[in-house]
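Position chain B relative to chain A; hints supplied.
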Amino acid sequence: GNSVTQMEGPVTLSEEAFLTINCTYTATGYPSLFWYVQYPGEGLQLLLKATKADDKGSNKGFEATYRKETTSFHLEKGSVQVSDSAVYFCALSDRRIQGAQKLVFGQGTRLTINP
Amino acid sequence: EAGVAQSPRYKIIEKRQSVAFWCNPISGHATLYWYQQILGQGPKLLIQFQNNGVVDDSQLPKDRFSAERLKGVDSTLKIQPAKLEDSAVYLCASRRRSGTYEQYFGPGTRLTVT
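First to last, the sequence lines map onto chains A and B. Numbers 1 to 115, taken from my numbering, label the letters of the first sequence in order. Numbers 116 to 229, taken from my numbering, label the letters of the second sequence in order.
The shape of chain A in the complex, shown without the other chains (with noise of 0.2 Å):
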C-alpha cells in the first residue's frame, strides 16, 4: 500500500541554518504531496502542497519540490528561526476510493531551533 517514509529526528539546529527534512514516498498512481506542521500544543497545519510531479510547494520560507523520478518531496528552509521550532509532517492523498481525500503521513520530525 502508500506509505510516506520521513528522516527521522529530532532534528536540532542553530537559528539562520540551512534546514532539509528528507521524505520519500511509496504509491501506486500520481498522488498530491503535502507537508503539515505541528507547532506544540496545536493541531496540524498545512504548510506546503505539491499536486503534480516538478510542482514546486512554498510558504513562509519553506520549499519542497515534487520528485517522481526519486520519489521524494524534501522540505528545505535556507535560514531557520527559533519560531520554526515544531513537529513536520510529511503526507500523500490516497484516492483509491473515488471522492475520498485520504491522507498517509510519515511518523514526524522534531524540529528544535536554538538561538
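There's no promise every hint is true.
Said to hold, decoys possible - SDA-like cross-link-like pairs, simulated, lysine to any residue; straight-line CA separation at most 20 Å:
hint: 1; chain 1: A; residue 1: Lys-102; chain 2: B; residue 2: Val-169
hint: 2; chain 1: B; residue 1: Lys-159; chain 2: B; residue 2: Val-204
hint: 3; chain 1: A; residue 1: Lys-102; chain 2: B; residue 2: Arg-212
It is worth saying that the hints were derived from the structure and are not from the lab.
Frame of chain A, contents of chain B only:
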C-alpha cells in the same frame, strides 16, 4: 472563521471503560475525518464522513470503535471497551468539498488508558 473544535482536550480512563470524543468541524465543511496519532507516529485515518455518510472506515476497529455524524455536522467517536493500546491523540479534521485539498485539523484529544 472558527476552527475545528474538539472536546475534551484530555481524558484519562481505565482499561475496559468507555469514552467518547466530540468534534465540531468548520461551518460548511462537508467532509470530516477522525485520525488516531500514537506517540512517535504520524496520524492514521480511522474514519471519513462525507456529510453524514461514511466514505471510508476500513481502518476503524469496529469491534470497539464507533463513530457517527448526525445531521452532517458534529461527530462523535466512541471507544468501548478501551484497551491500553488505544492511548493516543485523536484528531478531527474537516475539508470543505471534493476537489479541494486542505484538511483543517482540530487540537486533538489526548487519551490515556491505564
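Hint check results:
1. Lys-102/A / Val-169/B: holds, 13 Å
2. Lys-159/B / Val-204/B: It holds: about 10 Å lies between the C-alpha atoms, which stays within 20 Å.
3. Lys-102/A / Arg-212/B: Distance of about 13 Å is within 20 Å: holds.
No hint from the list above goes unmet by this structure.
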